[in-house]
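Chains as they are written, first to last, in numbering that gives the first Met the number 0: chain C, 0 to 155; chain P, 0 to 333.
Treat the hints with caution; some may be incorrect.
[Unchecked claim] Pairs of lysine-lysine, DSSO-like flavour, derived with a Cα cap of 30 Å:
hint : chain 1 : residue 1 : chain 2 : residue 2
1    : C       : Lys29     : C       : Lys113
2    : P       : Lys276    : C       : Lys146
3    : P       : Lys193    : C       : Lys29
4    : P       : Lys302    : C       : Lys147
5    : C       : Lys146    : P       : Lys302
6    : P       : Lys267    : C       : Lys147
7    : C       : Lys146    : P       : Lys246
8    : P       : Lys267    : P       : Lys308
9    : P       : Lys308    : C       : Lys29
10   : P       : Lys267    : C       : Lys146
11   : P       : Lys283    : C       : Lys146
12   : C       : Lys29     : P       : Lys283
13   : C       : Lys113    : P       : Lys276
14   : C       : Lys147    : P       : Lys276
15   : P       : Lys267    : C       : Lys113
16   : C       : Lys113    : P       : Lys302
Hints were generated in silico from the structure; no laboratory data involved.
A quick note: this is a predicted structure, and the numbers were derived from the prediction, not measured.
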Amino acid sequence: MRPYPEELLRALQGGIATHLAPELQSNYAKAQFGFAMLLFNIATRDYDTAVPDLIEANRTLRSLLNEAMQALAVIATEGAAEARAAAALPPAADSLRLAALRAEHDDLRAVLSKLAPLIEAAGDDDALAPLRESRTAIYAYLAADAKKRIVPILSA
Amino acid sequence: MNPERLAAFLSSQMPGASGVGVSGVARIPGGASRETWAFDASWTDAEGRRVERSFIARRDPTGSLLESNNDLEFELYSALAGSGIPVPRVHWIERDGTSLERPFFIMERLPGETDARVLATSPDLAALRPVIARQKAEILARLHGFDIDAVPSLERPPSAAASAPHEVARWEQTMRQEMLEPQPVLEIAFSWLKRHLPAPPARLALVHGDYRSGNFLYDSSGITGVLDWEMAHAGDPVEDLGWLVIKSWRWARDDRVGGLCPRDEFVKMYEDAGGAKVDPAALKFWEVFSNVKFAIIFITGTKSVVQGKTADLLLALTAFINPGLEVELLDLIA
Chain C
0 MRPYPEELLR ALQGGIATHL APELQSNYAK AQFGFAMLLF NIATRDYDTA VPDLIEANRT
60 LRSLLNEAMQ ALAVIATEGA AEARAAAALP PAADSLRLAA LRAEHDDLRA VLSKLAPLIE
120 AAGDDDALAP LRESRTAIYA YLAADAKKRI VPILSA
Chain P
0 MNPERLAAFL SSQMPGASGV GVSGVARIPG GASRETWAFD ASWTDAEGRR VERSFIARRD
60 PTGSLLESNN DLEFELYSAL AGSGIPVPRV HWIERDGTSL ERPFFIMERL PGETDARVLA
120 TSPDLAALRP VIARQKAEIL ARLHGFDIDA VPSLERPPSA AASAPHEVAR WEQTMRQEML
180 EPQPVLEIAF SWLKRHLPAP PARLALVHGD YRSGNFLYDS SGITGVLDWE MAHAGDPVED
240 LGWLVIKSWR WARDDRVGGL CPRDEFVKMY EDAGGAKVDP AALKFWEVFS NVKFAIIFIT
300 GTKSVVQGKT ADLLLALTAF INPGLEVELL DLIA
């Protein structure tokens, strides 16, 4: 039903700006008000796309990790074997609820975190050369993912 | 902050004073690791003269971007008085929080502004920027020559050679304690840092830990005070240079460090002022480290917000600075 949550957020933002902002006296309170308005904008921006963004991110991450695992399989170092054993991929989310999708996302990022030292070192360690393609793809994914989350006013 | 309780505290610290009054109590925005309050006080001294002074109170927050130590900041300000490094004079410290709910200390209020964005971008301040850039480099060189033994509670690594590994371990531990979700970019960055440790400094130096435009006061004469010492420690002096060159502080949105001058120019001014020669590889290491440290500070703030320890909305907002830091880190180390 209307108003949708994102419409409510905008209404709240407008109401606070109209009715409360003029009452603020101190610089500190005015600064907090400014922060609140920015946070409203972020919440509104992220609300509508949260589910499709997580589904897409989880699919991409799972694919990248699968490729990294395959690359790891041909690396005959003890570290690679240990990483493969410690970094089993988690099951996919069993519903489209945000909580389930976020849990899957965190689990996938935890696997990526475990592989991070090998992926990073693959840039100049020839023993880890089979991971280089994955390294490039994972760095590109992480940069693109971070860019999507940037709030322009907060970034230099 | 309650003016009556503040006046009562001042009375208790100045037995010869009478008629102590406090006015104009106002919280200064920013200062996300410690509350900063400005106020004016007046009293009649033992000789019957009316005295008026402006002060700053620094009070522990309920939740913060980082755990820090009031005692250390107070001790540093005391030790640095008369050193040629401009700092406010500190007056009183209360460690148990009886008077104002939480621990705090009080220092003099110096003249000047802190707004780094205005300093970097205002056409009216174009002539002042090179003056401040030079002073910033000279003060930093002087600060790095300060005797760390004059500050006994300064945290220090076991040796100069351990400076970088010590800081990396300290912030990695903080990340593991504070993170609410996996941080793959920071894990990658930590791996890079451990594989690119810089050559150790000749000796341990006083490191400010947050030496940047925005943490010093300035007026038309230049820098009037260096503030916000809560992350000070002993370590590699290049750490301070690595912090001040990061992209987040390039307020003019170009390559000028701190929005003031080109990086190479700043490094040369620092070296000319007596700072140790700066190895570019070490500077890059500390630049990467500084982006990691900055991101972990915001992770700590996020936890304070999520756990309801603070209502400071700045801490909620700073979480959204991290994506930009992640992009910068990947650019630096790819």
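Inset, instruction - Any hints from earlier that this structure breaks? Give me their numbers in increasing order, please. - result: 1, 2, 3, 6, 8, 10, 12, 13, 14, 15
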